[in-house]
Amino acid sequence: MYKIAGQLAWKSLMRRKTRTWMVITMIAMSLSGLLLLQGIYDGMVSHMINTAIRSDSGEISLYASKYRLEKNLDYRIGNLEDIKKYLDKQNMIDAYVIRLAQEGLAATAHKSLGAILKGISLEDERRFGNFDTFLSQGEYSFGDKDREALVGFKLAEKLKATLGSRLIFTAQDANGEINAIAFRIKGIVKTGGLAIDEGSIFISMEKMAEFLSLSGAATQIALRIKNESKIKNVQNALQREFESIDVLRWDELYPLLIQMREMMDVFNMVSYMIVFTIAALGIFGVILVSILERVREFSIMLAIGTPYQNIRHQIVTEAFIMSLFGYVLGAFSGGILLLYTASSGIDFRYFEAGLESFGLNAVLYADIRGYYFLQAFGAVFFATLLSVLWPLRVLKKIKPIEAIQGKML
Amino acid sequence: MKYLLSFIFITIILCGSEADMIIKKVEDNLRGDFMYAQMRMIVTGKRGVRTVEVESWSKGDNKSFIKILYPKKDRGITFLKLDTQMWQYIPKIERTIKIPPSMMLQSWMGSDFTNDDMVKESSMAKDYHANLLSKTSSTATIELRPKAHAAVVWGKIIVDIDLNHMVPITEVYYDDQMEKVRIMTFGNIQQHGSHRLPMVMELKPLDPEKKSNRTKVIFEKVDYDNYIDESYFSKHALKRYSN
Amino acid sequence: MKLIHISKTFFPGSSKEVKALTDINLTFEKGEFTTLSGESGSGKTTLLNIIGGLERPTEGKIFFDGLELTALSDEQMADFRLHHMGFIFQAYNLISVLTVRENIGFIMKLLDYREDEINNRINELASVLQIENILDNLPGQISGGQQQRVAVARAVASKPKLILADEPTANLDSKNSQRLMEMLRALNEKEQVTVIFASHDKYVLAESKRTIVLDDGAVIEDR
Amino acid sequence: MEFSPRFETYVLLSKKDKTVGSMLGGIIPSKESSLSHLKHALIKGAYLEGNDTRAIYLGSDLAKRLDVDVGEEIAMIGSSLDYSTAADLFTVKGIFRTGLFEFDSTSAFANKAYLDNIMMSKNKASYFTLSFLDNQAAAKYVNALKDKLPRTCEALSWQMLLSTLVQAMQVDSLFGYISISIFFLVIFFVIMIFSYVSIYARTRQIGLLRALGFTPKDIRILLFNEMLIIAFFSVTLGGIIGAAVTYYFEIHPLVVSGLAETYKDYGIISDALPTRFDLFTISWNALSIFILNLTSILYPIYKINQLSVTEAMRHV
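Residue numbers (the working numbering), protein chains in the order written: chain A, 10 to 418; chain B, 108 to 350; chain C, 862 to 1084; chain D, 14 to 329.
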């Protein structure tokens, strides 16, 4: 019996082609826009998270307890050999890096700025998070005898330093003596993470140890974990093994990124709600008008005994056929847009000049996740449902006898 | 050919050593085991002119005690530096505060000097190669180039020296690209006991955005020859000598 | 079919109160071909609508084969109409998006007849009503007379026990009216279906076996 | 967005042997509590009040570094605007925790009215609010900080923290534009659909007009003028209602319950969604909708003029 309702729905839609196409296009276009927006949002956040993980925290970072609070070499990880031995045994850990950092003053003849000097191993960092891919100028090297350094691009800019410039870094060593060290800039790095871009200088671990009169120590050990779902387990295991050390996940170190992600989710939801409320209004208008112009027809159908459910079914089917077409078209074009932005990215320099100066990569790549399409389907479904409620009420009020006798039109 | 090369080489060493000698003499002249000074610092910046007057007592490189005399609001604030540690006493709240090490690199009293500058003597003789550029009977011009791994920011410093008094007249600082960054001029040379020194120093940055800045230091009293009591270099001194 | 003490009052209790029908008592036998006649406003259409369950009487009861129709709910009544009644209205009573064939088969489809049964019936009716050549046209593409014949075909397609027709010839010229009535009469004879008209058209009256004349809501003649 | 004046300065806070460099913010407690979420981040003691004098509101990790608790006294030394030394003793009134480590380990707040006396900063302020939803303010904030803190090591982490905020906001505003364009696109379609439907409902009337001698151009002018009038009234009405609503929500921020619970530990996001009353934005949006309105009827008018007179008159 519903087959005939379906047929009627289809035929009615075909009769008003322009109108039907308008609704379908509306749904399709707003849907693809929303899908793209969501993809870029997620892409941006995951890019930031990924950068933070690759260039700094890893999935898990170890600090001596109190170090993060005092930023003082007194609170350093001393039992490095034990930890290394332990880490080497863990097959959940993909890679790890050992860093030794100290805050101090970076200076050129023109300017001095607060900065963080980090002793690292270039080879380890490359394995850890492809740190070399962040290099924007110069060479990924500490030069002969480790006398050169890599510098965050924003810091270099502020210090008016370029490749080959001489930098002086002054800081306290492990004995509390204030020392200074000079090096030339071999490479400039740009990660998009501000801690590095605006304030970090990297030198070799050996040079750092010498400068601070401190060997076999670290301020941070960052770990890459193979399996995302195992991060917590590894964290707990490490914490049990090394009680005096702070074992922190990246999301504990960068709560702001998690907040951003959640904020974006809320933002996406609000966007979906607004867009589909408006879209529902459009579907509503079309459905209402199509009911009103067919009141007579419906009346006759009712009079000759067509069950009310059958007519309701016809209306609902009409609405859902449009939505479904809109959805399929929108999901398809949105999917293509997403695929394109996921592979080629969108260059936002055209849109917002200032974006890059705040450290964000100007070319954004979208994420694609299956649930986008599910979520979009839900939104379309709800909007459609919403849009037919009122027209169905109108339909219910139709008194066949009045319509037949011409009182209603 | 070989001869010629070795000749040039020897000349460079000789010249170098003469320049080094001059620099060393100048530094010795400005330095003493004990030093008492009363000085006025005038800082001209974007926000107008400020004057600070201090009294300072120091012993060797490691111990110094400073007391602020002017401006009136800050009078009585005292600083003590022993090796790598530094304390400050503020009479208004009657508290002594230990300056954390990271603060040692901060600007001192809003001047272009850092806290560390106030207590650490950097040695030109130690960090630079000196090279005599020209010499007359009364003056010498010496070029100072940093030693390979010396942690100094300058690309070079050109110093004019008054050979009669063994004091500097002007110092011009250059950056890495050999551009002038700042000029320091010295004047009003006076003899104080065993030492002879310029009583006025003025620092003038050449960076475009700092063009109007000046820092002028005027020594009002200097004494190199009197023993300074150990009592100045203890934490008790902070409060005791505050008034 | 029995109508017992049927009365209908519009807007009861208000100042616009209109007594459309008062105390109608009628019996229709199976296979009857009856016309409800009378001036405009005499209540014939209202009576027809009440018989068809499109309106409810203010008072009285209707029985059909022993079933009390007035006791049925709206939904039960609709279902009853679907299964046992056929309707023909003045004009424009076809579904505009469906072809003639689909319009005729519409009720049979709703009643879940088999596809071949439906087609046989459509062909049979089309030949009787002489509409074979327009079966695949849309209602908008055929004339008023043809439309009414299609409406007749739809009304009788599922072989209802009762056909109600409200001024079926009102918008037709005399030739078409006559033909329509002849065809209806033929169907009535052939299929033994009860037909009740509301009309004052002379062609309708001429074909009727029984005429009931209404005036001001009451039966004044029954012959 | 309303700005609350803040005065930010770099100071040393000290208790016994512990001295820590930190950011001291002079705030107007009542204003601040409606703008940022400092008040909600309270975990111990009490939030500041307008008549507080030597009261200080400390970040939890900063309190840990100083080893102080609510009710204890700490010394503050900073540099006042005339470069003289500003020093005073403060009592810890409350401790807050936002969950942002850099913020909690370096910031402290005091009543601006009192701090101004010490810092000679009366009528001087860095105007901003810590709201996530306003990028200009945060940009000013960062700039103000940069002015005030050129030389300090510890200000670095602050700048980084704030730059991250600014970054988020920049992106936010960029995406705001994208979202708005999607909204406008949908609105455009909805208006087009409605005008198409309403124009088509009059097809027969238009056919009649054409039969009476109207040219398609006349029809176009007629319909366009009608739309102009409708658009004008609807946009004016919409603008007024919209303005009233935003104004209302600016005064009474929308509260989404539940959000605050989730972020209790982070504090920075409150459950109030600040709304901004800005005449420029409102009139700009109204104008866009107006233009959208007019462009959206072009296609329906074109479509109806495509019909021949007889088609139009027979239209069902």
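Don't read these hints as lab results, they were simulated from the structure.
Heads up, a few of these hints could be off.
[Said to hold, decoys possible] Under the rule of at most 30 Å between Cα atoms (straight-line distance), these lysine-lysine pairs were calculated in the BS3-like manner:
hint : chain 1 : residue 1 : chain 2 : residue 2
1    : B       : LYS199    : D       : LYS230
2    : A       : LYS80     : B       : LYS180
3    : D       : LYS31     : B       : LYS170
4    : D       : LYS31     : A       : LYS26
5    : B       : LYS242    : B       : LYS170
6    : B       : LYS180    : B       : LYS205
[What the hints assert, rightly or not] Covered stretches of chain B, going by a simulated chain A footprint (3 or more residues, C-beta under 8 Å):
hint : segment
7    : 132–138
8    : 259–271
Glycine included, each C-beta is placed from N, C-alpha and C at the ideal position.
Outcome of the hint check:
Taking the CA atoms of LYS199 of chain B and LYS230 of chain D, the gap is about 87 Å. The hint is violated against a cut of 30 Å. For the hint pairing LYS80 of chain A with LYS180 of chain B, the CA-to-CA distance comes to about 34 Å; that exceeds 30 Å, so the pair is violated. Annotation: proposed proximity of LYS31 of chain D to LYS170 of chain B holds, straight-line Cα distance about 22 Å (limit 30 Å). Between the alpha carbons of LYS31 of chain D and LYS26 of chain A the distance comes to roughly 78 Å, so the proposed pair goes past 30 Å and is violated.
Only pairs whose Cα atoms come within 30 Å are accepted, and LYS242 of chain B paired with LYS170 of chain B is rejected, the gap being roughly 37 Å. In summary, the hint linking LYS180 of chain B to LYS205 of chain B is supported, as the alpha carbons are separated by about 21 Å, within the 30 Å threshold. Check result for the segment 132–138 of chain B against chain A: violated, 0 residues qualifying (beta carbon to beta carbon below 8 Å, three or more required). Only residues whose beta carbon comes within less than 8 Å of a beta carbon in chain A count, and the segment 259–271 of chain B has 4; three or more means the coverage holds.
In terms of the numbered hints stated before, the structure departs from hints 1, 2, 4, 5 and 7, listed from lowest to highest.
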